[in-house]
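Peer 1: Sequence:
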Amino acid sequence: MTFFLPVMVSIIAQFMLGGNLQTMKHKKELNLKTIKNKQILVAADFAGFPLKKTVVEHLKKKGWTVTDIGVQSEDEESPEMFHRIGLKAGAKISEGEFERALLFCGTGMGIHIAASKCPGVFSGVVESVPAALRAITG
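If you count by our numbering, then the sequence shown holds residues 9 to 146, one letter each, in order.
Since the hints were made in silico from the structure, they are not lab data. Certain hints may be false.
[Stated by the list, open to error] In silico DSSO-like links for lysine-lysine, alpha-carbon gap of 27 Å or less:
#	residue 1	residue 2
1	K96	K69
2	K96	K70
3	K46	K69
4	K125	K46
5	K69	K125
6	K46	K100
7	K46	K96
8	K70	K100
9	K96	K68
10	K125	K61
11	K100	K69
12	K125	K100
13	K100	K68
14	K96	K125
15	K68	K46
16	K100	K61
17	K61	K46
18	K46	K70
[To be verified] So the derived label-pair ranges between C-beta atoms look like this:
#	residue 1	residue 2	range
19	D83	R142	15 to 25 Å
20	S81	P127	26 to 36 Å
21	A143	T62	12 to 22 Å
22	E84	P138	13 to 23 Å
23	G104	A143	26 to 36 Å
24	G104	E82	14 to 24 Å
25	P127	T75	13 to 23 Å
26	A139	S86	11 to 21 Å
27	P127	E85	27 to 37 Å
Note that the Cβ used here is the ideal one computed from N, Cα and C, for glycine as well.
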């Protein structure tokens with residue numbers, strides 16, 4: 009897990025939140041800092057909490073306003089399950105409260121399937137820089 013955390017934080021920080029993509033084939037510039045005054049929704053179940061915690065710290069240092077609707081601590085007595093958290097996040101996107109969200113769970117699949125059940129929400133698991141880029145730019 010210690011290797012995975014810095015890699016994913018780098019992917020999210022550089023590519024999902026407005027980095028320069030000069031290393032990509034088309035050398036496009038991805039600038040998503042216009043997202044509602046740099047506001048983003050984050051959510052995680054118990055398995056995704058450690059990664060979410062690291063990413064939230066990084067986003068706050070970069071000036072993002074982060075709204076967290078998932079598990080709030082590693083030792084939470086009865087943490088909410090991934091499908092409920094995914095549906096909550098999906099509903100907030102669907103209703104227009106947020107434009108984007110970062111969701112974290114053990115595999116990433118269950119929480120994203122749940123979020124995608126909401127109208128107009130298209131959620132996916134990204135595990136690489138090219139996948140993160142495609143998830144945003146289409």
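Peer 1: Each hint should be assessed against the structure and marked as holding or not.
Peer 2: Against the structure, the hints come out as follows:
| no. | hint | result |
| --- | --- | --- |
| 1 | K96 - K69 | holds, 26 Å |
| 2 | K96 - K70 | holds, 25 Å |
| 3 | K46 - K69 | holds, 12 Å |
| 4 | K125 - K46 | holds, 25 Å |
| 5 | K69 - K125 | violated, 32 Å |
| 6 | K46 - K100 | holds, 16 Å |
| 7 | K46 - K96 | holds, 20 Å |
| 8 | K70 - K100 | holds, 23 Å |
| 9 | K96 - K68 | holds, 22 Å |
| 10 | K125 - K61 | holds, 25 Å |
| 11 | K100 - K69 | holds, 24 Å |
| 12 | K125 - K100 | holds, 12 Å |
| 13 | K100 - K68 | holds, 20 Å |
| 14 | K96 - K125 | holds, 11 Å |
| 15 | K68 - K46 | holds, 10 Å |
| 16 | K100 - K61 | holds, 20 Å |
| 17 | K61 - K46 | holds, 18 Å |
| 18 | K46 - K70 | holds, 9 Å |
| 19 | D83 - R142: 15 to 25 Å | violated, 36 Å |
| 20 | S81 - P127: 26 to 36 Å | holds, 32 Å |
| 21 | A143 - T62: 12 to 22 Å | holds, 20 Å |
| 22 | E84 - P138: 13 to 23 Å | violated, 34 Å |
| 23 | G104 - A143: 26 to 36 Å | violated, 20 Å |
| 24 | G104 - E82: 14 to 24 Å | violated, 32 Å |
| 25 | P127 - T75: 13 to 23 Å | holds, 21 Å |
| 26 | A139 - S86: 11 to 21 Å | violated, 33 Å |
| 27 | P127 - E85: 27 to 37 Å | holds, 33 Å |
Hints 5, 19, 22, 23, 24, 26, counting from the list given before, are not met by this structure.
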